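The primary structure of each chain is shown beneath.
2 protein chains.
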Amino acid sequence: MSKLLQDVVGELSKLPGIGRRTALRLALHMLRMEPESVGDMTRSIDRFRREVKHCAQCNNLSDERVCPICADRERDHATICVVEQVADVLSIENTHQYKGLYHVLGGVISPMQGIAPSDLKIDLLMDRVARGGVKEVILAISTSVEGETTLFYLLNRLRQYPEVKVTSIARGIGFGDELEYVDELTIAHALMNRRAVE
Amino acid sequence: MSKLLQDVVGELSKLPGIGRRTALRLALHMLRMEPESVGDMTRSIDRFRREVKHCAQCNNLSDERVCPICADRERDHATICVVEQVADVLSIENTHQYKGLYHVLGGVISPMQGIAPSDLKIDLLMDRVARGGVKEVILAISTSVEGETTLFYLLNRLRQYPEVKVTSIARGIGFGDELEYVDELTIAHALMNRRAVE
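Line by line, the protein sequences are chains A and B.
Under our numbering, the letters of the first sequence match residues 1 to 198, in that order.
Under our numbering, the letters of the second sequence match residues 1001 to 1198, in that order.
The reader is advised that the hints may include incorrect statements.
[Unchecked claim] Straight line, CA to CA, 25 Å or less: simulated DMTMM-like cross-link-like pairs of lysine to aspartate or glutamate: (1) K1014(B) <-> D7(A); (2) K14(A) <-> D40(A); (3) K3(A) <-> E1163(B).
[As the list claims (entries may be wrong)] Beta-carbon label-pair distances, calculated as ranges: (4) Y1161(B) <-> Q6(A): 31 to 37 Å; (5) H1096(B) <-> P16(A): 54 to 60 Å; (6) K1165(B) <-> P35(A): 53 to 59 Å; (7) E1148(B) <-> G172(A): 55 to 61 Å; (8) R21(A) <-> P1117(B): 28 to 34 Å; (9) S1142(B) <-> R65(A): 54 to 60 Å; (10) R194(A) <-> I1187(B): 41 to 47 Å; (11) A1087(B) <-> R194(A): 53 to 59 Å; (12) R1065(B) <-> V66(A): 32 to 38 Å; (13) E36(A) <-> E1148(B): 51 to 57 Å; (14) L179(A) <-> K1003(B): 41 to 47 Å.
It should be emphasised that the hints constitute simulated quantities derived from the structure, not laboratory data.
Keep in mind that this is a model prediction, so the values were computed, not measured.
Ideal placement from N, C-alpha and C gives every residue a C-beta, glycine not left out.
Just chain A, with the same shape it has in the complex (with noise of 0.2 Å):
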C-alpha cells in the first residue's frame, strides 16, 4: 500500500468517528477532488487551528479579541446563557430564540476526570457579574451528575449578588418525543412542573 496513502489514513483515523474504512474512504475521494479544492480544504484547517481566538468576555470562538455576539448592541447585556462549550452557542443561535450574551464554561466540573472549576472560566464569569448590569443569568447546563455539580457550584458562587436572577432552562418531553420512549426522570419531572393550559 502507498505510504503516502498509509499516511493519510492513520491521520485521518485519529478524528473521532472515524475508523479505518471511513479514513480509507475520505482520502480515496480527495483523490477525485481537484487539487486546488483539497488545498483549499487543508488551508482552512490550518487557518482555523491556528487563528481561531476565544473572546476575552464569553469564551466563545472567535475570530477577534471580543466575539460578534458580545460586541452586539442590538442584544440585551443584562442577560447571559452560561453554557458548557461552543457548540452549545450555536445550538441556541440556531433556535433565532435568544437576544443576551453567553457565557462558555468550556466544560463541567468533574473530579473523575480530574477538572477543577479553575480549569472552566467560572472566574471570568464572575467578573462579568461584578462588573454590575447583569440581571439574570440563564444556567443551560448539562443535567449529568458533573453538569448538576457544576451548577450548584454556580449558584452558590452567585449568590453573593441576590440583584441578580439565576434561573435553568427548562427541562420536560421534548416537542415530538413520544411519552412511550421518554426516561422516567423527564417524565417525572416534566409531571411535576405542570403548567395550566391557557
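We have chain A already, so just place chain B on it with the hints.
The following block gives chain B in isolation, referenced to the frame of chain A:
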C-alpha cells in the same frame, strides 16, 4: 459564528458522509488537538493529493512509477486480478491469500454516466496481456449491470488471446450470512454452482 469556524465547517462538510453537524464536531475536536498534530494531518493530506501517483503498469496507487506489488519478484506475474478501484486491491490484499498482480480499471463502463471503455485503463491491461507471459486474468468486478457490461467487454477483448485463461471470482453465500437474508439471485446462483462435499 466565527468566520474561520464557518469556513472549516463548510470545507469539511463537502466530504462524503460528513454533514454540517459532524463537520462542526470535527472542527471543535481539532481545537483540542495540539496545533502540530493538526499540521501533521493537513500536511499528510496535501502531500497525498499532490504526490501520489498511479502505477504505470497496474494503475494502483503508488509512491513510485511502478507500485511495490508489480515490483515484487516473489509474486506470481503470470496472474492478473482485474478490479474496479484501489479500495478493492486493499480488500483482496487484506486476505493475504492472493499472490498474483492486479489491474485497477478505475471504474466500470457506464453509458448512463458517460463512462466509455476508453475512460478506463483497459488498453493498459491489453498491453500487459499482449506483452505475453500472462497465464490467467481473474475478473473481480461487481455484479451490477455496469459491472456485467464491463465483464463482457473485457471477455470479448481477451478472446484474441486464447492462451490466457479468463476466470471470474466465485459468487455465493458469504461466510456468516444467513440464508434467510440473502437475495434470491445469489441463492439461485449458489445452488446452481453447488459443489460436492468431500
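Tested hints:
1. For the proposed pair K1014(B) and D7(A), the alpha carbon gap of about 21 Å is at most 25 Å, so the pair holds.
2. For the proposed pair K14(A) and D40(A), the alpha carbon gap of about 21 Å is at most 25 Å, so the pair holds.
3. A distance of roughly 36 Å separates the Cα atoms of K3(A) and E1163(B); the hinted pair therefore is violated under the 25 Å criterion.
4. Look at Y1161(B) against Q6(A): about 35 Å separates their beta carbons, and that is inside 31 to 37 Å.
5. Distance hint check for H1096(B) and P16(A): the Cβ-Cβ separation is about 30 Å, which falls outside the suggested range of 54 to 60 Å.
6. Checked against the hint of 53 to 59 Å, the pair K1165(B) and P35(A) fails, with Cβ atoms roughly 41 Å apart.
7. About 56 Å separates the C-beta atoms of E1148(B) and G172(A), a value consistent with the hinted range of 55 to 61 Å.
8. Between R21(A) and P1117(B), the C-beta spacing of about 30 Å keeps the proposed range 28 to 34 Å intact.
9. Take S1142(B) and R65(A): their Cβ atoms lie about 56 Å apart, and the range 54 to 60 Å holds.
10. R194(A) and I1187(B) have their C-beta atoms about 57 Å apart, which leaves the hinted 41 to 47 Å range violated.
11. The given range of 53 to 59 Å is respected by A1087(B) and R194(A), whose C-beta atoms sit roughly 56 Å from each other.
12. Judged by the Cβ atoms, the range 32 to 38 Å given for R1065(B) and V66(A) is violated: they are separated by roughly 55 Å.
13. Between E36(A) and E1148(B) the beta carbon distance is about 37 Å. The supplied range of 51 to 57 Å is therefore violated.
14. Under the hint 41 to 47 Å, the C-beta atoms of L179(A) and K1003(B), about 43 Å apart, fit the expected range.
Checked against the numbered hints given earlier, this structure breaks hints 3, 5, 6, 10, 12, 13; the rest are met.
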